[in-house]
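Colleague: Residue numbers (the UniProt record's numbering), protein chains in the order written: chain A, 1 to 195; chain B, 1 to 217; chain C, 1 to 196; chain D, 1 to 192.
Rather than coming from a laboratory, the hints here were simulated on the basis of the structure.
Among the hints, erroneous ones may be present.
[Unchecked claim] Simulated crosslink set (DSS-like; lysine-lysine; CA at most 30 Å straight-line):
no., chain 1, residue 1, chain 2, residue 2
1, A, K192, B, K74
2, B, K169, C, K127
3, C, K157, B, K97
4, A, K5, B, K97
5, D, K121, D, K109
6, C, K175, B, K23
7, A, K83, B, K137
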Amino acid sequence: MFAEKVIELLKEAERNPDTIDPFNDEKIRQILEEMHLLFKMNMNDANATNENKSLWTTVQVRHSALERNKRCLLAYLYDRMKKIKTLRWEFGSVLPPDVRELLSDEEYQWFSKYSTNLASYMRSLGQDIGYSGIDLTENLKPPKSLYIEVLCMADHGKLELEDGDVITLKRNSRHFLPTAECQTLIRQGVLKQIV
Amino acid sequence: MDPIDDIELSEEEEEITAETVLKTLQSAWQNERLAPEILPHHNDMVECMLGQIQHMERNINKLPKTDLRASIHKMELSRIKFIICNYLRTRLNKIEKYCIHIINEERQRMESGTNYLTPAEFKYAQEYLLNMESHLKNVVLDKMPGNMQTLELNKMAIYPNLQTHVFLKANDTVSCVVLEDLVGDQDEEIDLEEGSQHILQYKPVADLVKTGKVQLV
Amino acid sequence: MDPYEIEFLGENRIISVIPNFSYDKIYLICGEFGPFRAGLPLNVPLWLAIMLKQKQKCRIVPPDWMDLDVLENIKEEEKRSRFFTKMPNEHYMVEAKLILGVAAEDVPNSSEIKTIIKDIWDIRMSKLRTSMDALMKSGGSYGRLDHLTLMEINSVKPLLPSAMDDLHRIRTTSKRPTTASLNTSTFSQSGSSQNI
Amino acid sequence: MSNYLSISDILVSNEKVPCKFLHDLPKMGFLDPSAADDDLKAGTNVEIPLWLAESLQSRRPPLVSVDLPKIYKDAYREILNADACTVDMHKLGQYFYELGCYVAKHDIKGEVAATLENTFKQRFRMLLSASVSTDTLSTMQPLSASERKRAAAAASSENALSAWLQRGDCPLTTANMVANHRKRKRAEMEMF
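The shape of chain A in the complex, shown without the other chains:
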């Protein structure tokens, strides 16, 4: 049957909506190969339609299969792009190596371009009135209190606070910090709010 490999690819993406799987280079290559094969058969049969008119319908069927493969490949890439965007918003502009390696080189390039575009948009915010921009990845939830208690989940090193104090974030250490200054680390899983 036509266009079956591509469906396996999409089912895989649908199964794990909250994680990104390694880019499936091999399958993409096989699908593109199938497309070239279909195209070649079509070229041959299109030339033979003078002798056998009903070949024309066969050509049309293969054409539908080509379109179908194309649609599915684009949908696969598009779905991954959506996930890669989420990575930018959640991890930030630097991806941990184990996440980075799930992306193909081209995807990583796309991630960087997306990140650059986003950064330059965020920098432009309020520029007219002398602002140096707003980080839209912050302030995700309605504020409840100015300070919160957090537990450190990993050795993160030093953190300099706005008032000049420097604290060391060591695994399992507890801190009482300004909400505004630790929300990004919470999002990235370095800190955890104690409730």
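Dock chains B, C and D against the given chain A, drawing on the hints supplied.
Modeller: Chains B, C and D in isolation, oriented as in the chain A frame:
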């Protein structure tokens, strides 16, 4: 100066308080969150609020750190920052999702001077689309057989679903909102009395949302 | 929206507090409040009231409706009526949750009040479920919902609007096109183009 | 149409529908698993994916006539119209409504369209109860794929609401994808 001009000017420049701007921005945020399509931007209000925040932050720095008033002001500022960030983020999400459609529409709107996007948002949208196009081309399209290589933006475009159902509260009384009735091929008209609440399709009330006659809830 | 976002909106409501400190007027972006005089009630936004209470800087004056008799009446009315009755304010649940959460000692009979508000909420939520089902059965394309509060409306999202959307889609796309046409629009994406 | 890139629409259109071929199709014998011929003969009945069926049916002249899948035929319609809530859509029609919307066009009398609407209205209460049930396994089980999605979304807003009712603060949390990748990494490490 011409006296008539003078009057018009002073009417336009009528003092709007920061309090009013904040209220308007909050309802713009709510509408943006709940409307399927992107709404006309409110950049002037965003900038006004940013200015207020800046001003306030300078004043807070003059207060002792433990001053109760400093905490109160900081809390209010973080509330306003939350609205602004959420509002702008919501708009970016829509711009990305519907980018092909929004760019097309926006080009037409720019001709008539009724643009919905800020210049920075429009620039972002174009760059986003460009990056997406080149990614799709590089990874698969260019490797397809000859007649399959074209990027068919019209096919790929995603449109906001204007038929989606929304909740609203009428700010003013609006009569004769036409609901399309699909079953009996007969349209139904309803009145939205001030303060009343409804659930209905977005499309017939889209303009009312934009003019502020109704508030999405 | 997230319930906390609805709460955020409700936190703008103005309520009365009695501070235990004195201060001049405070000029916030959302308005001027004060002057604060120890022992004298004044109006502030709910978020500020909660903040002051947490810092033990004030007592919260319970809103008029946070009273057993008033609430008994509301509850009876709500039980009796087929429709939703008008609530004392459109953020009653947010106000109740926040005030009873941090300032229960400022509210007389707070635990009875908590129970009765929860009862009212439960009656309304079950009514809401019944009316959703009725709305869908009756055709599911339009509904009027006066007197539902924001938090209640929010609780039926995304289920109700998305079900109405689904029903609308089923109606429009499953209808046979009335005029015979070559239109294959619903399937244009699967490649019905006639040329290669 | 804006579902070109929609994975769920692609999966729906991958469902098989019974078709009768109206013309000979050279070299397409492989579409019929029971035939050994290279060519597909006019008059053959085969189940093929909906996307292919729609595409072949839309040719002028049409290359196939599309028949209704079992679940949309008289016998099942009768059951559905009597009490749609007794039907296990997970077993019988994963994509009942979505596929139904496509194939309803091939039903001249419009009975499929009526059944779809009626079924949806009846089964709405199943979504309602699945969204508040503590026994999600059994309430979710008979739902179709899209019904499950709706019920799960409703259940998660139900949970968000009860969490809100129970707590005073709005805790900040690790972002969703970050948390899931951490989890996956941990699981991978435990395997070695």
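Colleague: Look at each hint and say if it fits the structure.
Modeller: Hint-by-hint comparison with the structure:
1. K192(A) x K74(B): holds, 23 Å
2. K169(B) x K127(C): holds, 20 Å
3. K157(C) x K97(B): Satisfied, since the Cα-Cα distance of roughly 21 Å is no more than 30 Å.
4. K5(A) x K97(B): holds, 27 Å
5. K121(D) x K109(D): holds, 20 Å
6. K175(C) x K23(B): Violated, at roughly 45 Å.
7. K83(A) x K137(B): holds, 19 Å
When each numbered hint is compared with the structure, a violation occurs for hint 6 only.
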